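A.B. asks: Residue numbers (UniProt numbering), protein chains in the order written: chain A, 1 to 328; chain B, 1 to 125.
Since the hints were made in silico from the structure, they are not lab data.
From a predicted model like this one, the values you see are computed outputs, not experimental measurements.
Some hints could be false.
What the hints assert, rightly or not - Sample of chain B residues facing chain A (criterion: CB under 8 Å; computed from the structure):
1) ALA37
2) LEU41
3) VAL59
4) ARG61
5) LEU90
6) ALA115
7) SER116
8) ARG119
9) GLU120
All C-beta atoms in this analysis are idealised placements derived from N, C-alpha and C, irrespective of residue type, glycine included.
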Amino acid sequence: MIEAALSRSVARWYPGATGVTGAAKLSGGASQETWRFDIVHPDGVIGAILRRSPKGYGAAPTRAAGLGAEAQLMQLAFEAGVPSPRVMHVLTAEDELGTGFIMQRVEGETIARKILRDKEYAAARPLLARQIGGILAGLHRLPLDRLPELRSRGATQEISEFERDYRSLNWPKPVFELALRWLRDHDPGPSVETTLVHGDFRNGNLIIGPDGVRAVLDWELAHLGDPMEDLGWVCVNSWRFGEIDKPVGGFGSREELFAGYEAAGRKVDAARVKFWEVMGTLRWGIMCGGMMQRFREGPDHSMERAMIGRRASETEIDLLRLLAPRGS
Amino acid sequence: MQDEPTPVELTKSVADFLRNDITPLISGHHAFKLRVAINILDLVTRQLTQEAGSDAKEVERLRALLGVDGSVTELNRVLADRISKGEVDLATPGLAEHLWATTMDKLAVDQPNYASYKRELSRGG
Chain A
1 MIEAALSRSV
11 ARWYPGATGV
21 TGAAKLSGGA
31 SQETWRFDIV
41 HPDGVIGAIL
51 RRSPKGYGAA
61 PTRAAGLGAE
71 AQLMQLAFEA
81 GVPSPRVMHV
91 LTAEDELGTG
101 FIMQRVEGET
111 IARKILRDKE
121 YAAARPLLAR
131 QIGGILAGLH
141 RLPLDRLPEL
151 RSRGATQEIS
161 EFERDYRSLN
171 WPKPVFELAL
181 RWLRDHDPGP
191 SVETTLVHGD
201 FRNGNLIIGP
211 DGVRAVLDWE
221 LAHLGDPMED
231 LGWVCVNSWR
241 FGEIDKPVGG
251 FGSREELFAG
261 YEAAGRKVDA
271 ARVKFWEVMG
281 TLRWGIMCGG
291 MMQRFREGPD
301 HSMERAMIGR
311 RASETEIDLL
321 RLLAPRGS
Chain B
1 MQDEPTPVEL
11 TKSVADFLRN
21 DITPLISGHH
31 AFKLRVAINI
41 LDLVTRQLTQ
51 EAGSDAKEVE
61 RLRALLGVDG
71 SVTELNRVLA
81 DRISKGEVDL
91 ATPGLAEHLW
101 ATTMDKLAVD
111 QPNYASYKRE
121 LSRGG
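Next up, chain A with everything else stripped away, as it sits in the complex (with noise of 0.2 Å):
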């Protein structure tokens, strides 16, 4: 099955390659799976990851930059110095494994509950807000003129899109109106800089081990706009996991972030993270509304999903404590 598609894909491309084992899928809906597996190689194993979107799953969601565009910026990232796994092979039709790409594994832990609270990382949970500054730093300066096509997309226009989606759910919250108002309010227009931005860069999408970040993943909410959102979303209080004295990611503070950032060179607009950080609140509160929605009517009938479409009222206490907190 997959395996022999591996084994004869990895044939071709990394010389002295005898085939695969240990084939085994880490995550999947219908339209992308990721499989991890180990190249054999008779100087040893060499560990891979698969990220891949099945035969007949081709297109990608509207807001997605595509797996061929992940695996470029990846790559960019790698050759950068951006903590990320090498990408070692884009699929081809040959392949006969859909559409996607072969990354090198990166050994560490992803979960962010174990990341806050296990042994094993109390050296390197101190440093890593100061840390992510600094990847996000190299991350934002990666040349405009390299990167794959990708969507553009700034403040205004998000707001928008954020109004639509919200309003297409049906769903009175008079908690996210405030928050709509006070978005148009603030909206601090078109940045001074367009850059890169990641899109979904939080604590859950970087692989850390006892040194710090090894790798920066899930690309595929990449687009160009303002660098500051990548800041805002990293302190998302949902992204927290209830160390919510620690704004970046449960790590440490916002000061340690920006430092990390002005060191590697690049400026803070401090009223912009903040914005996008209103932002991002809302817009994890309405992803799960939209998976309430996809519950209900679409293919994924899970209890997971369910519950999901309950963490909305998460994001309305955030965006009480962000937008009208109450005196302590």
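Dock chain B against the given chain A, drawing on the hints supplied.
C.D. replies: Same frame as chain A, now just chain B:
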């Protein structure tokens, strides 16, 4: 009038059975799914217990705030609409208090262990 046990008691009995008798027998991905299932039943129990009381208070606040009458859903639509049009905002007396009270009641059902909720609860609910 329906007979007893009540829906709350029935739901709770299933959740307790799954938690105490089935959890020790299951591992891996199914153990994860089982935890989600138990969480759902616990949420349903909390909603069945709390919804009538919190909705009644919400309607009372909304009537006072909006000066109109209706169901909890209708009144929420009116409030959403007024905020959207800018007719009501955080400077409107009672709005912030209403949104806080309503949101706290939702979290009490959806995610009573959410850290922001616990923090706000420690401020006095």
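A.B. asks: Output the numbers, in ascending order, of every earlier hint that fails for this structure.
C.D. replies: 2, 3, 4
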